Structures are given as structure tokens and as C-alpha cells.
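Undergrad: Full structure from sequences and hints, please.
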Amino acid sequence: MKVVLFGATGMIGSRIATEASARGHQVLAVSRSGQSPVPGVTATAADASDTAKVTELVAGADVVVSACVPPRDGTDPRGPFLALNTALVEAARAAGVRRLVIVGGAGSLEVAPGQ
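In terms of our numbering, the sequence shown opens at residue 553 and continues consecutively.
What the hints contain is simulated information worked out from the structure, not anything from laboratory work.
Hints are not guaranteed to be accurate.
Stated by the list, open to error - Simulated DEER-style distance windows between Cβ atoms: (1) Leu634 <-> Gly592: 28 to 38 Å; (2) Gly586 <-> Lys554: 25 to 35 Å; (3) Arg645 <-> Met553: 14 to 24 Å; (4) Thr596 <-> Glu642: 18 to 28 Å; (5) Leu634 <-> Gly576: 17 to 27 Å; (6) Thr638 <-> Arg584: 10 to 20 Å; (7) Asp614 <-> Thr570: 17 to 27 Å.
Given the structure is predicted, the values throughout are model-derived calculations rather than measurements.
Just so you know, even glycine gets a beta-carbon here, dropped at the ideal spot from N, CA and C.
TA: Spelled out as C-alpha cells, the structure:
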């Protein structure tokens, strides 16, 4: 299965890349740095909010996985996080990808305890 993984160098993304690769899947690891989180996994640099680039990268994928978190720049992360994942959904749809998985946690939105 061809897996295109955004946020591949983060804590969750790197674990997904490791597991998917170990199970024999073809993984394209996408991150801002372009670093491969796992030896033997193909990596590329891209900004997940660049819809044209994302659409190009997801073409032919069996599944697209988003393990992205917004940059920590002090602004409200909810807008960028939602916009980024919305762009991934639109790109996957345009490319005819039938499976999309978005993973994350409350930390992705910097939600304070009790909120």
C-alpha cells in the first residue's frame, strides 16, 4: 500500500512511518524539513498548506495520513491546524484518494487542562 504521511518527523508521525515501513508499505514521509524519520523511507519537504504541492504528492496514494501539528508561533493554533487539515482533505479528494486518516491530540491545539 502506498502511504503518504504528513508530519512524518514528529513524535506520532515517526512512529507511524516506522510501523508502516516495517509492515512492508511504501511510505512517502512529508515534513517541513524533508528528513526521513526511518532509514529506507523516502522523504520530501513540503508545506502541507500548499494545496498544489500536496495534491501532487498524494496522487496515486492508497492512504493519506496527517500527523501534522501547527507551528508553535504563539498565535491561536486552531485556525492553522484546521486549515492545514482541510487543505489535505481537499487535495486527497481532488487526487481520488479514498482513505484519509488525521491523528493528533489535544496538544495539537494547545488546549489547556479543563477546557
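Undergrad: For each hint, tell me whether it holds in the structure or not.
TA: Cross-check of the supplied hints:
1. Leu634 <-> Gly592: 28 to 38 Å: holds (33 Å)
2. Gly586 <-> Lys554: 25 to 35 Å: Hint violated: Cβ distance 19 Å, outside 25 to 35 Å.
3. Arg645 <-> Met553: 14 to 24 Å: holds (19 Å)
4. Thr596 <-> Glu642: 18 to 28 Å: This hint holds: roughly 20 Å between Cβ atoms.
5. Leu634 <-> Gly576: 17 to 27 Å: About 33 Å separates the Cβ atoms of Leu634 and Gly576, which means 17 to 27 Å is violated.
6. Thr638 <-> Arg584: 10 to 20 Å: holds (18 Å)
7. Asp614 <-> Thr570: 17 to 27 Å: holds (18 Å)
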